[in-house]
Amino acid sequence: MTKKSIELSDLPPEILQLLVENCDLITRCRLRASSFLLYQIVNSTKLYIPSVKMELQKKEVEIKPTANPYDNRGLLFEKNLTDGTPQYREEMLIENSDHMDETIDWFRQICLQKNVTIGRLDIDTSFPENPKRFTEKLVGVLEKSEIPLKVKSIIIKINDIDDWMWKIMEYCDKRVLKELFVLPVCDDAIVELFGKQDENLKNLEKIEITCLCNATDEDVLSLNASEISLNSENFTVDLAYKLIEKFTNRREDGSTFWIHNTKKPNMFLEMIPPGFKEAKDRGNGHKYYSNELINQPTVYLRVDNEAVELIVGHTAIEEFWGKDESDNDTSDDSDANE
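For the sequence shown, my numbering assigns the number 2 to the initial residue and increments by one for each residue that follows.
You may find that some hints are simply not true.
[Stated by the list, open to error] Straight-line Cα separation of at most 30 angstroms, DSSO-like style, residue types lysine-lysine; simulated pairs: (1) 175 <-> 158; (2) 207 <-> 138; (3) 47 <-> 115; (4) 133 <-> 115; (5) 243 <-> 175; (6) 153 <-> 168; (7) 288 <-> 243; (8) 65 <-> 145; (9) 133 <-> 175; (10) 145 <-> 197; (11) 264 <-> 243; (12) 197 <-> 278; (13) 153 <-> 247; (14) 203 <-> 179; (15) 207 <-> 243; (16) 179 <-> 145; (17) 145 <-> 47; (18) 179 <-> 168; (19) 243 <-> 115; (20) 175 <-> 47; (21) 278 <-> 65; (22) 288 <-> 278; (23) 65 <-> 175.
Source of the hints: derived by calculation from the structure; they are not laboratory data. Just so we're clear, the structure is a prediction, and the values are computed from it rather than from any experiment.
Work out the full structure, taking the sequences as your base and the hints as a guide.
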């Protein structure tokens with residue numbers, strides 16, 4: 002007697018949802034396109050995408066939705082001679098279409114959904130191929146959506162600083178967004194970090210801007226982030242002392258700050274902060290200090306004329322101190338706890 006095969010559509014919705022929960026993104030996309038029932042099930046089942054990278058290249062846009070940000074697999078939307086868009090990996094040709102439109106539409110259908118959360122959104126428009134047109138299309142889709150973009154971390158790599166990156170933050174779910182990284186390609190870029198997004202910045206846990214910004218001492222002290230990396234001509238040595246006190250009092254393991262003033266070097270500490278002791282001179286132009294308490298993470302401090310860096314705990318201690326960390330005056334936390 003032959004057994005009757007069971008179609009997916011014959012299964013109860015709760016069983017279908019359990020099956021979808023265990024499917025990867027590509028499988029979900031295929032299920033979503035197979036029937037209206039599965040379209041509804043996929044759209045109602047929570048999905049976490051660890052990383053999505055959108056990279057604007059010459060006459061093409063590559064998008065990589067992957068669990069590994071260094072994975073080379075992805076979708077390539079390319080402008081061809083017939084004005085169509087071949088979608089690589091699937092070997093599809095979408096005639097009479099625009100490669101940027103197809104990229105943004107794919108992002109809208111897959112990522113801009115109420116059941117989808119993105120871990121890291123990496124937007125790279127550093128290639129000089131209509132970056133403004135691409136970002137305007139992306140912002141336009143976010144603006145029209147009734148659903149805020151759920152993303153935990155945004156990484157933006159750009160040639161020219163523009164307001165579009167703030168508009169992307171504006172349309173993100175503020176309860177989810179916790180990290181911002183801005184990596185301008187041009188050396189003379191200046192980010193207007195404060196003035197428009199102050200309240201959103203205060204909600205972030207991690208902020209890193211690799212070029213000059215307009216931040217003042219008061220701006221930085223208003224932040225609640227436990228990881229801060231900023232460069233501003235407005236920073237003073239007074240900010241360094243206040244941040245050292247703030248981070249040392251909290252002693253949150255893994256917390257760190259790095260403040261720079263490379264244009265007007267004036268960050269050299271005139272006196273050792275209370276509770277810190279100076280480590281051995283490593284002859285590299287930096288001064289090193291540590292603050293140890295029994296059963297508490299050690300606070301490490303590195304200072305030169307342009308920057309002050311502090312790290313709590315051993316998260317990146319070898320990179321911070323260098324390979325030689327055997328000095329008696331910089332013993333690790335385990336020794337301090339004995």
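Would you list, in rising numerical order, the hints stated earlier that this structure does not obey? 12, 19 and 21
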